[in-house]
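Input sequences plus hints: build the corresponding full structure.
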Amino acid sequence: MKLISMLVLCCCFGLAVAGGDAYQFSNPAQQQTFNSLTKELRCLVCQNQSLADSHAELADDLKAEIYQQIQQGASRQQVIDFLLDRYGDFVLYKPQLNNKTYVLWFAPFIMLLMAGVVMFFHIRRQRK
Amino acid sequence: MKRALYLIPFCIIAGLSLFLWQGLTLQPHIIDSPLVGKPMPKFSGSDLFNTNHLITQQDFNGQVALVNIWATWCGSCQMEHPFLIKLSKQQILPIYGIDYKDQPQKAQAWLNKNENPFAKIISDEDGHVGIAWGAYGTPETYLIDKKGIVRYKHTGLINQQVWQNEFLPLVSGLQAEGS
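Chains as they are written, first to last, in our numbering: chain U, 1103 to 1230; chain G, 153 to 331.
If you are wondering where the hints come from, they were derived from the structure by calculation, not from laboratory data.
Wrong hints could be hidden among the right ones.
Unchecked claim - For each label pair, taking beta carbons as the anchor points, the in silico distance ranges come out as:
hint, chain 1, residue 1, chain 2, residue 2, range
1, U, F1208, G, L320, 52 to 62 angstroms
2, U, S1128, G, E267, 29 to 39 angstroms
3, U, D1163, G, L320, 31 to 41 angstroms
4, U, M1216, G, G308, 40 to 50 angstroms
5, G, E318, U, P1210, 49 to 59 angstroms
Cβ coordinates follow ideal geometry from the N, Cα and C atoms, glycine included.
Below, the structure is given as structure tokens:
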């Protein structure tokens, strides 16, 4: 009897975690857009969480807003622009590629390249 | 010559260190508002003291003003309140309020009890006006000019120091501008 009630409890836990999706779309493409967007957008209150994960009130409000917009046919970029206009670049987890962020995106590769070049000459010199 | 090349990684690391050192002084919780420099957002919400009456961005136009986002549940807003009262009595500029995600009766009662510094107040129960303004943590205050352009935003409470150091220098200049 105890075993059965334990099993039921464990199943309830699983359900409780999975049942968080209040935002259902009849259109699977829209659902996909919503799900991926809310994972890529930062919760501005709990700043280390995405909108999808956060239960802050602002996160819920923004999810409701995004849900409405996608329902009314907004594209992924339109939703992103809506949030960027009001909250700025910080709301995106992945920084956009523009003049301000070229250094951010390419510096690691450039440094790796330079390290490779230095190593190449160093090893060549040692071989001589 | 080859020896000098080894200076390059050193310079890069030195430069990076300076960047990161400066980063230690930044406050990520304070986000720069993209609204600064642009016309204030379009919004529409009911007047807190007259729910049949709608207030929109048109009603905030025409004067240099403060737009303050606050709520009765927000402790910092309550701490900021006495300063807003003081400021409103100096009659330098109108203060417009957005009562964010609050209960109208609570807000009305609170203002009746503690004096009302606001020339106009919107009751923004569901927070859609707050989202239009990019609000994420009350109190937040925006400075708008005569043409309705957002010129400055302060996140966090305003006190005498913040007012004098951050707002006052802008206000006189903006008030001198033509409309």
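Query raised in the report: Going back to the hint list, which numbers does this structure go against?
Result: 1, 2, 5
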